[in-house]
Each structure stands twice: as C-alpha cells, then as structure tokens.
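> So the chains spell out like this:
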Amino acid sequence: MTTPAIETIALSRRFGDFSAVRDVDLHVAAGQFFGFLGPNGAGKSTTIKMLTGLLAPTSGSIRILGEDFAANSAEIKRQIGVVPEGMALFGRLTADEYLRFVGRMYGLDRATTRQRTRELLEFMQLADEEGKLVADFSHGMQKKLALAAAVIHGPKVLFLDEPFEGVDAVAAGTLKAMLQRMIARGATVFLTSHVLEIVERLCTHVAIIHRGQLVAQGSLDELRAGGGRLGQAVEAPAFASGRARTLEEIFLEIVGADREGNPAATAPEQELSWLR
Amino acid sequence: MAALKNGGAGLESLRPIPASTQLLAVAWLRWRIFANSIFRRRRATARHAAGIVLAIILRIILWPFLALMVVGPVAGSGFWAWATIAHGRAQSLPILLAGITIGWQFVAINGLSIAAAVANLDPASLIRFPLRFGRYFVLRTLIGIMTPSTVVGCLSSLAAAIGIGVARPGLAVPALAVMAVYAAMNVFLTRMMGAWMERWLANRRFREVFNVLIALFAAGLQLLNVQRFAPRVPRGPHSALFSFFQGGSATLHWLPPGFAANAILHAWHGLPSPLPFAGLAASTLLFAAIFAVRLRKQFLGEYLSESAAPRRAAKRGPRGKAAAQEEIDRPARALAAFPPITAACLRKEWLIFRGNSAQLVGLITPLIFVAILNRGQLAAHPALFLPGAIAYVLTGALAGLYNIFGADGLGVQIYLLAPIRMRDVIVAKNIAALVLTVTEAVLAWALVSFLKRAPIPAATQISTAFWTVFVILANVTLGTIRSIQAPRKFVPGQARQRRGTPTNRTSGLLILFVLLGSVALQIPVAWLCWHFHQPWLAVWIFAPLAAAAAAVYGLLLHNAERLIMAHRDVLAEELCKV
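Those protein sequences? They're chains L and F, same order as listed.
Per this note's numbering, the very first residue in the first sequence carries number -14; after that it's consecutive.
Per this note's numbering, the very first residue in the second sequence carries number 849; after that it's consecutive.
Bear in mind the hints are in silico, worked out from the structure with no lab data behind them.
Any given hint could turn out to be false.
[Stated by the list, open to error] In silico contact screen, one side only, chain L against chain F (beta carbon under 8 Å); selected entries: (1) Phe0; (2) Leu39; (3) Ala59; (4) Ala73; (5) Arg89; (6) Met90; (7) Tyr91; (8) Gly92; (9) Leu118.
Beta carbons are placed, not taken as given, at the ideal position from N, Cα and C, and that holds for glycine.
Put together the whole structure using the sequences plus the hints.
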C-alpha cells in the first residue's frame, strides 16, 4: 500500500466556543487531484491552513507524505506548495523579485531560481509585466503569480485555496493545464473551489465538509452512485433520463440536508416580501 | 516545466538548506521592499509629482528635528557617562542606564504602528516557508531592528561606553563589552514586549486598557515635567524629578541597569565582576527566552484574532433581542429631525464611533494635558492661553475632518451607487465630526474657565468663540475637499494597522498650517487691540471671518455633487482596493 499524500486523524480546530473543524479524517492518495468542497464558512480554509502549518490544530494529527507535520514541519514545507486564501504576496516587490525570493527560501540555488523564475513568468504570461509592482497587478495576475510561487520548488503536494476565483478564462486555462501537468508527474493537488464544474472536470476524488464536519469523501463515481457519505447512507435518487448526476446536484443534496439527514428543500421556504 | 521534476509520495532526503541562504534571502527581500518603496512609485501620475515635492519639503523641515532627537540622547548619554566616571559620581550610572532603557522601550511601544508601516512586511508571514524555529527566531529578532528606538538606544549605549572610556581609558574595553550586552538585553526586551503586546492587543478589551495606560503615562510625564519647572518646586538636584529617580536607584541595583552599571564599576575598582555581569547576561537570556516562548506559538500557527465573539449574538434570548432592537431604534428616534439619508449616515457614524475606544481616549487625553499645562507660565495670560488651549485640543480632533470617507473603505461604493444626494452624506459626516470637535473645544473652554488663574475678559471669550467657529469651519471646508480629493483607507480602532493615522501626510501638514496660521492670526489681532486700546476689536475681526467661513462651507455643499462626481475614480481606487 502506497503512503497517502495527505492524511488527517480526528483533526479539529476551535475558535473560542466555536468549532470550525471537527474530527476530520481525510485520506488523499498520492497523485490524486482532490477537490475539497463545502459551503461558505464550512471550514475549508481553516482545514487548508492547518494542513499547511499556518494554523495549529486544537487536536488531531496531520501526516503529509507519511510524516507527522508537527514533528517535521520544515521538511514537509519543502515538499508542499501553497496558494493560501489571501495569496500572501509581497506587494512592494516585482513578480521577478518575488519568485526569486521564494526560490531562495526553498533552498534553490541562484542559477536554478533564475531559470525557473524566467520559465514561470513566461508560462504565466507575466513576463511583460517587468518593473510593475505586485500591488499594481490585477487579481487574476496576482493569482497566477501566487501559483507560480507555489510550484517554483517542484512540490509533491499542492494546496490551492480558491485558485480560480477572479481569474479570466484564458488564465484559468493556463492554470488548469499546469495543474494537469503536475498531476501527470506524480504530484498531488488539493484544491478548494466554489466552481463545481471546474472541480468536476479536474478532480478524481472529492471530500465535502459541512459545518466543520466531513460529510462525504470518495471518488466522483462513488459519490454519483450514492456512496462516500459519512454518517448517513443516502439513497441515490434515480434520474428518469438515466444521465449521471452532476457534482452540483450531489453537493446540494448533501450540504442541503438538515442535521437529521433529511434531504434539502429545493426552493427556499421563505420568500422575500417584495418579490412575492 | 523544469520546476516539476519530483514525483511520487514520501519525503526525500533533501540537502539541508543553509541558514545563510534563507537569512540572506530575507535580507534581500527587505532591501528590495525598501528600494522599491523609494524608487518605484505605484502608478506614477502627475498628481504624485506634487506629493513628492511636498514629501521632500517635509523631510527638509523635519530632518534637523529628527537629527536633534538622535543627537540629543546620544550626546547626553556620552557626556553623562563621562561625568559619572570623571567626577566619581558612581551612583548616577544606573540612573543613566535606566534612562536609556526607559526611553528605548517607550519609543518602541509607541512606535509599534510606525514600525509596522515602515517594515511593509509581516514577519509572521514567513512561517509558510520551510524555516526551522532557530532561523525564525533570528529573523524575528532582526527584521525591523532599524527602528528609531533601537538606533538611538544602541548609539546611546555606545556613546556611554565611549564616555566611560574617555574618562578612564582602562575601562574602555569592559565598558564596551558590558554596554554591548546591555544593548542586546534591550533589543530582546523590546522584542519580548512587542511580541506579547501583539498577542494581548488582539484582544479588544486589552486594547482599550492599553490606550488608557499609554494616555495616562504620557499625561504623567507631562505632570512630572510641569512639577519640575513649577516655580514653587525647588530646582536643581533637589527637585521632585531628581528625587524620584534617586529614590529608585537602590532598586535599580537589582535590575539590568544596576547589573550593567555595577559590572563597569567593579571593573573600575579592580573588583571581580562575575555576579553583576552574570545578572545582566541572565536578564538578557530571560528576555530572549520569554520572547522565544511567544514566537514558538506563532511559529506553530497560533491564531490571534477574536472570531469567536460574533456567535454570542445568535444565543440571545427574546429579551436580548428586544434590547438589541431598542438599541437600534433609540438613535433612529433621536435623529428623526434630520433628512432620512443624513439620519441613516449619522447612525452609522455613531455605531463606528461607539466601537472605537481608541478615538475616545484620544479625545480625552488632550484635555488632561490642558489641565496640566494650566499650571505652566502661559496660563497666566488667558488672552493667549484660551485660544492656545482650544487650538491644542483641536489638533487631534480636526484630523477626522480631513478623511471623512476613509473608514468607509469598500462601503463608499454604496454612496456612489445609491440614488442619493452626496450633500446629505457629507453633511452627516461633517455633523458627526463636528459634534466631537465642538465638544472637545467646549470642554477645553470649560476647563480653562474653571481652572483659570486670572480672569478671562468677556471680549476675549467672545472673540475666541468667533475665532473657534472660523477655525472649525475653515477646517471642515478644507477637510471635506481633501477627503474627496485625497481619501485614505483606514480601519478605525485597529491595532497595528499599516497606516497608523487617518490622514495622509499632506492633509496632516495642512491641518498644522491652518491651525498655526489661525493661532498666528491671534498675534496681530491682539497687538491691534492693545495698540488701539480696543479689546472688542478682535470680535469685529473674527466675527466676519467666521461668517465668511460659513459662507464658503455653504458654497462647498452647493457644489458637493459636482466635486464628488469629478473625483469618484479617486475615491473608488483608493478606498476600494483590497
């Protein structure tokens, strides 16, 4: 059995009396394109922050590439790449300067850093922005730069928090192509996104978090067949047309259910008074 | 894609990253940020040219003062240390070293937001890189070390060592060694306090207490200063201030300044000095260790915010909900006399002000200073002291008038999109700021009248009233124009925000010039009154000025829509950037 790329056991995080993430057991095999889904405030970003060492868990353990994160954080950070929620760029640098800094922080020698910086800027179509400060970049350009910084050291596991948010179609195509190439080379990609069509097209496996708890985990085929639900076994509704259910339908069915597992209402119960 | 060469799971045994590579990378990062902030301007436009010229003028004006603020303590420390050894006044050395530490730490605490603004780099963000804790500790100690407090403190320590060496050359080497450790102790003390305060300041209640403590400390220093120079307090070495420090010198022997001083004095008298030096070294290590404990938590991903608090609202019972509704309704009823848009904006301003205790403390502190300054020589001349006191308290209060949209941030879009008259919004914001400004002026007036040491003539009071109206209205007008032309995004009450003040430098200078100009206006008017023996002449001068200021403000409101529309791109660009 191969070592999983990401594994968490009873991972929890509390903020005061609020439980943001509760007993999450994730299992992501190496080489998977893994989608981590959930509604707003479900605990996706908190989980990613814990998986990348930006936030300490209240309890539970994290193993990345088979190693305990708490015991080997520096070694593990060398093997992972992160595009965090706020991108965490240094606005007063140019793209070239930023990538060179990141490369050196990951221990790349000067020649390699320079070469990869040049390649990445070309690949991300940022080479023409020489001399422009990152703070003056558009949101999409900043996303592309953050992704370039996340991959400059050739990570084995890539964590992406909403990588396609605010990115135009052309840039999104570039990013997707790059992620596919990483997967082809054996890297693992763990991404969160609200754009379920993209997740459905890119990811082979998915986990859904809702109110801080993992409610589903498995391959897309498993979820389509009604499997992968944690806690509640739900009968997969059959479609008269016989077509496969979309990820959006599965997602709505799972996160729309109430605490007792009753299926979600398809239309809001309350109407807005001025729209009646 | 040369970057993507690794494959497969499992950690490879990678060559360790040399510490020098990462430390030099961060040093290079700091250098590039510094160089870019000087040589690369964001979206340089013609408007920036004026800003650059103003910034140069500002620097030319300020640098001599800043240089004096450095040269003063450094030369003073060197001379004091020399005099201590040369004249055999050994008991003064711990006092000097304590003075260096107090100055160092006080400036460092007050400069937290300045340091953050200058650094333009949150060192805590470095935890995402593959750093070992030791390197993170070194980086956190070194990043931002070139703050004014550290530079002046280190130079003062060096000057003290040189002063001792000049007085007695045989002491030069031990003094340099001891002062080097003493400087390191101060660096770690600053870092320790900074790191722990960052933790505590994440708590809103602590921020409020901290603001009050800083205000009281500043007021206490003013009080000591006035006590020192008050006519009835004996001057010279028997003054209250000197006695205060002398009384504390026995305690100082058990603190780092005493350890450092005794280590030098033991060397002077040829005594073995392991104990005092060990005490100094132990203090340094203790501060470094406490700093490390805090850093370790940050390194492991500590969360400092207060995000759990909003959940409590959901647990409110029916009675709590009714009280909350009443809280919303009460100001709405009080504002019923205003047009709906103005009332809504006023309510919003009130909600923001209510949650900003720092602003409240900032309004109270100048009044305490007025009470203290009332003991000084100037207070004997109420014709000058009354307008002077009002101008003094207005200095801080007026800043809010120069950036009325700053706290709205992204919310300014609502004003630009909604089908409302911007004049109503401006009026609401000006009323909100004026309530504070006028309250501040009235309280200062009442304070001076209550504590007066000489009667204030009626003519002075009335002319000061007109002068105050003129000053406030002139500032409201200029402030509103500046708010539209040069807005600046800021978060009220936020600790360690990158922009420590609500106004930009140009607006800050403008406030100062308008206030100084207004105060300076008092001088020829007072001379005219004196020359013609007509104390009421001042009233006849300031009353028309106040009326003119009111008319100009009315003109501004009349043209508000046009002005806002002409500058909506500036408002949107500056306030809506994320």
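> Take the hints in turn and mark each one as holding or not.
Quick rundown of the hints versus the structure:
no.	hint	in the structure
1	Phe0	holds, 4 Å
2	Leu39	holds, 5 Å
3	Ala59	holds, 5 Å
4	Ala73	holds, 6 Å
5	Arg89	holds, 4 Å
6	Met90	holds, 4 Å
7	Tyr91	holds, 6 Å
8	Gly92	holds, 3 Å
9	Leu118	holds, 6 Å
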